[in-house]
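S.K.: Residues per chain, in single letters:
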Amino acid sequence: MVTYIIRRLIWAAVMLTIVSIITFAIFFLVPRLAGATPESLAARYVGRTANAEQVQIAAEKLGFNDPLVVQYGRFAKGIVAGADYDYGPGVEHCPAPCFGYSFLTRLPVWPDLLDRLPVTMSLAFGAAIIWVLAGVATGVVSALKRGSFFDRAAMTIALGGVSLPIFFTGIVSMVVFSYGNPFSITAPGGSYTPLLDDPVAWAYSLVLPWVTLAFLYAAGYARLTRAGMLETMNEDYIRTARAKGLAERTVVLKHGLRGALTPLVTIFGLDVGLLLGGAVLTESTYSLPGMGKYAIDAITNQDLPKVMGVVLFAAFFVVVANLIVDLLYAVVDPRVRLA
Amino acid sequence: MKRRTTTGAAALGAVLALALSACGGGSGSTPKDSAQPADQGGKAEFNAALTGIVNPSDKKGGVLKFANEGDWDSLDPGDTYYGYSWNFVRLYGRSLLMFKSAVGKEGNELAPDLAEGMGQPSDDAKTWTYKLKQGVKFEDGTPITSKDVKYAVLRSLDKEVFPDGYTYFNDFLDLPKGYKGPYKSKGVNTDQAIETPDDQTIVFHLKQSLSNFDYFAQLPATIPVPEAKDTGAKYREHVIASGPYMFQKNEIGKGFTLARNPNWDPATDPNRRALPDGYEVTTNVNADDIDNRILSGDLDVAVLGTGIKQAALGRVLGDPTVKANSDNPTSTRLWYTSINGNVPPLDNIDCRKAVQYAANKVDYQTAFGGEFAGGQIATSMLPPAIPGHEDFNLYPPGADNKGDLEKAKESLKACGQPDGFETNIAYRVERPNEKAAAEALQQALGRVGIKVTLKGFPQADYFALYAGKPGFAKDNKIGLAQNGWQSDWPDGFGFFGQIVDSRVIRDTGGSSNVSVRDPEVDKLLDQAMAETDEAKRNAIWTAIDKKVMEDAYVLPGIWTKTLIVRSKNATNVFVNDAYGMYDYLGLGVK
Chain A
256 MVTYIIRRLI WAAVMLTIVS IITFAIFFLV PRLAGATPES LAARYVGRTA
306 NAEQVQIAAE KLGFNDPLVV QYGRFAKGIV AGADYDYGPG VEHCPAPCFG
356 YSFLTRLPVW PDLLDRLPVT MSLAFGAAII WVLAGVATGV VSALKRGSFF
406 DRAAMTIALG GVSLPIFFTG IVSMVVFSYG NPFSITAPGG SYTPLLDDPV
456 AWAYSLVLPW VTLAFLYAAG YARLTRAGML ETMNEDYIRT ARAKGLAERT
506 VVLKHGLRGA LTPLVTIFGL DVGLLLGGAV LTESTYSLPG MGKYAIDAIT
556 NQDLPKVMGV VLFAAFFVVV ANLIVDLLYA VVDPRVRLA
Chain B
282 MKRRTTTGAA ALGAVLALAL SACGGGSGST PKDSAQPADQ GGKAEFNAAL
332 TGIVNPSDKK GGVLKFANEG DWDSLDPGDT YYGYSWNFVR LYGRSLLMFK
382 SAVGKEGNEL APDLAEGMGQ PSDDAKTWTY KLKQGVKFED GTPITSKDVK
432 YAVLRSLDKE VFPDGYTYFN DFLDLPKGYK GPYKSKGVNT DQAIETPDDQ
482 TIVFHLKQSL SNFDYFAQLP ATIPVPEAKD TGAKYREHVI ASGPYMFQKN
532 EIGKGFTLAR NPNWDPATDP NRRALPDGYE VTTNVNADDI DNRILSGDLD
582 VAVLGTGIKQ AALGRVLGDP TVKANSDNPT STRLWYTSIN GNVPPLDNID
632 CRKAVQYAAN KVDYQTAFGG EFAGGQIATS MLPPAIPGHE DFNLYPPGAD
682 NKGDLEKAKE SLKACGQPDG FETNIAYRVE RPNEKAAAEA LQQALGRVGI
732 KVTLKGFPQA DYFALYAGKP GFAKDNKIGL AQNGWQSDWP DGFGFFGQIV
782 DSRVIRDTGG SSNVSVRDPE VDKLLDQAMA ETDEAKRNAI WTAIDKKVME
832 DAYVLPGIWT KTLIVRSKNA TNVFVNDAYG MYDYLGLGVK
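Protein sequence lines, in the order shown, are assigned to chains A and B.
Per our numbering: the first sequence = residues 256 to 594.
Per our numbering: the second sequence = residues 282 to 871.
One chain only, chain B, in its complex shape:
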């Protein structure tokens, strides 16, 4: 009885709090200048921060509070590989280039940061030159030179010391044979890979043409590191700042605080406004607690940017006032099912088409959390936020998106399997969404006689030993495999590079591409990488998307969407498409 009364009081309180939160709502608008507030503001509404700045303000001061439900992979710019971290690292580090701190698609555009301008390609885009700005300093007042950038990139190559990072520079730089980074290959001349003819110039030499190397130049690994203060794996404990904020306290596993960097000169940095006086970040916080604290106004940002959890979903979507203070951006992640053409009868394109037609896209979407917390039904591979995306659907699943069973049966007949066939579907056992999607597919395909058996595998070895190992997949009839990919940057290379290139498939396993084997697609990829004209390059990404879908090697599921809630205390709230979450550089405090 007592509990019932308390629950009622809590519910009443929730309603009052939600009503109060409406008073804190901001205004939405579309800015003309990337990081500048809009001239005119309107009432905050659902998705207002996707197209405009909510609560525009120039006010400086205050502290923003962030929380992370897990631990950071690493605060070391050379050893971090999460989108939220790349969004956040810009507060304390400056890379050669950066994504603009701007609303929506404009955030996908690159802008010079440490560099004076964009990269200058030569030698068929095998050589890229950048000039650094004068007057940029580390937090201790030491001038930043091109040698600090070169050292930062070279140290990041050591994957034994920095395992969390990416291998783009390892794969593309023309490094001396056997080079393992400055710790293990001391004294080795690396000028054939990176030259620094003077303190303001850095030249990258690549093994092959790469038309979009500017995206490499925005990677956090190009954030300068002073060699004298490099402590290797322990550098994450105190990163030397080059951005507007520096580390004041850092307790790994608990959190850290950032304070203003006195040696950051705004005259050298048109991209950052640095409105707050500092940031408090707590790590390893209960995810539901984070949602509740953001809704109550105690916390400002769930730094992961992956959206509120199921427990708070109804509270946000069910109340128009709270919903008006939230946004539902689409990210550059695709959840999909690989259709393995090495596993009969899926080596027949018509059998693969039968899977495409019979799939129930609505149930697939529900398995991943539905329209708001899951995502938008995907009709091809390339997500809408990536240039080159075109709306097309080669296998329309009926008006209700639940499958076109007639077309599926026709395809089965053409495949020589009119009564259906049997196959297995792999999923990662630690991922309930993948299992639910596999079950949805099992039910949907069962309607046309395709009998699917679920096979769960541990995610740590999913690609290395099971779904991604060609021999295992064939021997165990893994015809379908749940899969997912998020682009490292909003560009076709970042999205397609690892998931449709047949040359990354290894007999020993480990590749995320478990199904796409088409030499034509490989050729298109090479063309795109050598194409320096952006419009032509984007057209090639479109062509690759269409070719893979024609081959029916991939059943696209959903393009991920997240439901994120705006802070009650923050100003200049907007979603940057490059990260698919709020832009952390823009935020200020009311």
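One chain only, chain A, in its complex shape:
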């Protein structure tokens, strides 16, 4: 087990390195192949009034004249050893892990990411609790009452939930519940209060994003759970469990649901991992200052250090989530052995 974890961690590091190289290439190699010059790359960092000389100085200062390998090496070195940045009156050290320095906000990226993480975690975990409880419960009941009115209604709603984009359900939910037309029972529009500042306000500001995001995911989970349960409940070991005289509740929850959980655990891990990298649409719709909003703002402003930072951060969560999922397999399904 320990060997397995160490091996997976090494692979995780390799994977993150590959992701960083690919991301770096997308933002620095591809534009060059398309004809961008060091000066044109630097132009977006020097404001609207810069002359040619100022742009050239900026290109040199930002290292855009160096070979790409050198530029990537500098970026990687910053993550491991930190980097120094000139802020005018002096030089500031950006401690490791230094994911770069936004030349638009003049702030290092890493503290920004740490600052945004609690918002995204609040959103992701809160919504995950709702969608797992609602989705799995609905899926189990639908499977047990297959063909009933509840089953058909639940699956129809689930289909709707999967189909409707978050920027639609999000806006509709705010129109109905936030702006006083007709209700004003949730936080007015997009806002966020940190958990430690005021737990009640934190929940109040997040309840709509939670429910909206959970609606999207719960729908998929309900359909997956239903399909898994239908398959599992026809297995021989379920018949054996019933023959042994076990209570139906025990048969369903302990034997049936556990068997149906394996694919759910896989997808849950990936979903949460992806969301921790930023729920872009939800955070944008509700103006939540999380990783997703950070990413979309960085892309809009072409603030490359920020984009690089957020991509690597998101990749880290996906890799870690995959590792946890693999470890959980052994817990959920006794037939799985890690080696």
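Just so you know, these hints were derived from the structure itself, not from any lab.
Glycine included, every Cβ here is placed at the ideal spot set by N, Cα and C.
Careful: at least some of the hints might be erroneous.
As the list claims (entries may be wrong) - Derived CB-CB ranges, DEER-like:
1. A:438 / B:351: 25 to 35 Å
2. B:683 / A:438: 38 to 48 Å
3. A:450 / B:711: 36 to 46 Å
4. A:280 / B:398: 21 to 31 Å
5. A:342 / B:424: 20 to 30 Å
Stated by the list, open to error - Just some of the chain B residues that point at chain A, by a computed CB distance under 7 Å:
6. 464
7. 467
8. 515
9. 519
10. 566
11. 570
12. 807
Stated by the list, open to error - Where chain A lies over chain B, by a calculated footprint (3+ residues, C-beta under 8 Å):
13. 500 to 513
14. 684 to 691
15. 724 to 731
Fit chain B to the given chain A structure using the hints.
M.R.: Only chain B this time, still in chain A's reference frame:
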């Protein structure tokens, strides 16, 4: 079925909310004194805040809530270049001069702020002297001196550290050769550019005559910065206030709050009333969310002042009650099409005139959002809000504004292209409005045989590599180019300086002027810059406008208008023409 019911309930709720909002409407009036409430108020109506103060009140207290759909370019007064930011910065910073906090055109007038009076020119307007008021302090109680103003201006010259700002001082101050600001050129004597003979006097020395230097003196770069507390690029995180409010909290990328500055002395400041106790500003907020929250009364001001978005447009214009609580100011921005005389056959003035006559101005206006959210059809370059503007139209596009095709055909004959010609039109691919306007022009010109092909280019390199690079434009037959310009201040120099002066066009590209090449226009510009009599100067701006239109180098599209909605909670709401949006200094809380 359930959704349909919910939608119906939402619609009913919207109607009720709109009806309630009418109860919160204020009164419109025309003040005699700039920042004072009107003696008499009337019922709030559409555009009431363009000519009067809506909800006049002296009540102090409360907090105003602002939201920005993006991030601030910078809160550092030496590094910010947006109109909304210059409007807002007056809450925490005091420059030498400022635009009056006043309704409409009166807001275009300059007034002393840190300075005791307007600038005193000498040496043919190459030297400008300002005397500072006594008793003005920073938020920490330190007295503000002329050296703090000088330091603020000098640091702003460093465009590596402060890239967001303008280069007016870099371009005009008589600086020592190679001077790069106080960080990189430490110890260099800069008295040849700015002198501070005593703590209350500051003298600016320019390389050339500049009759309207007072507009430079109102720039946020003249807001004093204490050298001991300057943190360069990081100063934006905590600007030391000299105005009535100071930073209480500042989380860049999320927002900030302002609270009262205990060391601001109203006796030194007749321009600011400082009614609210503070301001809460949230940044990076969904634009549609901002509109909805203003309409519901949860939010007070969309700080960008660029108007409500398409999603809420129908809701405001379609309901008389809501519309009565909104305003439609014209800004000092012109959207236009440059007609490049370097690209044949547009080197022939009659071919350029054919483009002028054939254009469909109504479709052009629609492309930018229509009458309310887009703008007013422009007949010349200089916007109505800028002194020197005169109404004239050298190329009347017919009674319906859709083009005079007969005149266009006559011009084509005179140009030697009776069947039309082919050319390309450039636009910025990230700007759907520009593309739509280019398509409208393509259709309109096609009616007289001028075949136009659309060419989209990335906006980051639009002027540097494509439409603004003379060689590229000529080689690629970019005869037409979508363009736009907003004046940095309501004055002909701020509007024309960068877009009609042929001397700013560089072979290496990068100039916003891609078409106007007329030595006579250049001469007029020089005359205006040296003319200290305001009336005579304004007459020269008019002459420049007419000359450029005679040359037919520019097809004016629209003078931008925005539809902005008044806060339900705010008092003293009025539009200041200097910014083309609500005046943020005047606002109070009910």
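S.K.: Decide, hint by hint, whether the structure agrees.
M.R.: Hints, verified against the model:
1. A:438 / B:351: 25 to 35 Å: For residue 438 of chain A and residue 351 of chain B the Cβ distance comes to about 30 Å; the hint holds.
2. B:683 / A:438: 38 to 48 Å: About 47 Å separates the Cβ atoms of residue 683 of chain B and residue 438 of chain A, which means 38 to 48 Å holds.
3. A:450 / B:711: 36 to 46 Å: 38 Å, holds
4. A:280 / B:398: 21 to 31 Å: 60 Å, violated
5. A:342 / B:424: 20 to 30 Å: 27 Å, holds
6. 464: 5 Å, holds
7. 467: Violated, because the Cβ-Cβ distance from residue 467 of chain B to chain A comes to roughly 10 Å (cut-off 7 Å).
8. 515: 5 Å, holds
9. 519: 13 Å, violated
10. 566: Since chain A brings a Cβ to about 4 Å from residue 566 of chain B, closer than 7 Å, the hint holds.
11. 570: 5 Å, holds
12. 807: Since the shortest Cβ distance to chain A is 21 Å, the answer is violated.
13. 500 to 513: holds (count 3)
14. 684 to 691: violated (count 0)
15. 724 to 731: violated (count 0)
In this structure, the earlier hints numbered 4, 7, 9, 12, 14 and 15 are contradicted, and the remaining ones agree with it.
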